[in-house]
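S.K.: Spelled out from the first residue to the last, the chains are:
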Amino acid sequence: GQQVQQSPASLVLQEGENAELQCNFSTSLNSMQWFYQRPGGSLVSLFYNPSGTKHSGRLTSTTVIKERRSSLHISSSQTTDSGTYLCALVNTGGLSGKLTFGEGTQVTVIS
Amino acid sequence: DMKVTQMPRYLIKRMGENVLLECGQDMSHETMYWYRQDPGLGLQLIYISYDVDSNSEGDIPKGYRVSRKKREHFSLILDSAKTNQTSVYFCASSSGTGDERLFFGHGTKLSVL
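From first to last, the protein sequence lines are chains A and B. Take 1 as the starting number for the first sequence in our numbering and just add one per residue. Take 112 as the starting number for the second sequence in our numbering and just add one per residue.
Hint data in this document are derived by calculation from the structure and do not stem from the laboratory. The beta-carbon is built from N, C-alpha and C at its ideal position, and this holds for glycine as well. Misleading hints may appear alongside valid ones.
Stated by the list, open to error - Derived BS3-like pairs: lysine-lysine, alpha-carbon spacing no greater than 30 Å straight-line:
| # | chain 1 | residue 1 | chain 2 | residue 2 |
| --- | --- | --- | --- | --- |
| 1 | B | K193 | B | K181 |
| 2 | B | K181 | A | K98 |
| 3 | B | K114 | A | K98 |
| 4 | B | K220 | A | K98 |
As the list claims (entries may be wrong) - Negatives, chain A to chain B, calculated, CB over 10 Å:
| # | residue |
| --- | --- |
| 5 | V12 |
| 6 | E17 |
| 7 | N24 |
| 8 | S28 |
| 9 | G52 |
| 10 | T53 |
| 11 | K54 |
| 12 | S56 |
| 13 | G57 |
| 14 | T62 |
| 15 | E67 |
| 16 | R69 |
| 17 | L86 |
| 18 | S96 |
| 19 | T108 |
| 20 | S111 |
Using the sequences and the hints, build the whole thing.
M.R.: Below you can see the structure in the form of structure tokens.
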């Protein structure tokens with residue numbers, strides 16, 4: 001089965017709204033990363049967050065290992081936040097360094 | 112300047128032709144990756160390399176091979192390309208020191224006709 005599941009699959013926000021993106025995983029976690037991808041673009045690492053909460057500007061990532069979930073919170077969304085947000089994990093016991101990606105949440109922020 | 116560079120950005124090939132995708136990084140990272148990204152399938156790992164001549168198959172290695180003769184370069188080779196290898200290919204690197212934060216290249220969009 002799918003090791004990494006992201007929800008929602010897509011999201012439309014009015015500029016200024018907040019959003020929470022979820023990532024649930026079915027395997028033991030070694031580390032978790034969140035990436036941002038602009039349409040047709042490369043992936044940019046947002047957070048490397050194996051556990052706990054991390055902040056970067058308007059973004060907050062929280063990983064709760066025992067609940068097998070990680071979330072990405074976007075506050076006061078802007079049109080430039082539009083794109084796809086992907087979570088990826090390195091599971092314990094797997095191929096060393098291998099990241100397994102979710103399918104992403106497509107975010108559209110409209111003004 | 113930390114960078115992963117992929118060449119070319121766009122490539123069109125005919126079925127049966129050989130394809131070489133090149134990737135370079137300037138961070139002296141030990142670990143490098145090749146992923147492909149397809150709609151509905153997400154990112155899938157093709158190969159991972161832990162250092163020069165130390166390569167391991169990922170989830171979908173069939174139809175691909177790799178070469179890593181220098182730490183900063185990692186090549187993906189398609190011998191006799193197939194139409195189902197049309198995809199966007201991403202190279203990435205990480206330090207391999209226990210921090211698996213990945214740095215990605217801009218991708219190569221490959222069309223096999």
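S.K.: Against the structure, test the hints numbered earlier, and report the numbers of the ones violated in rising order.
M.R.: 17, 18
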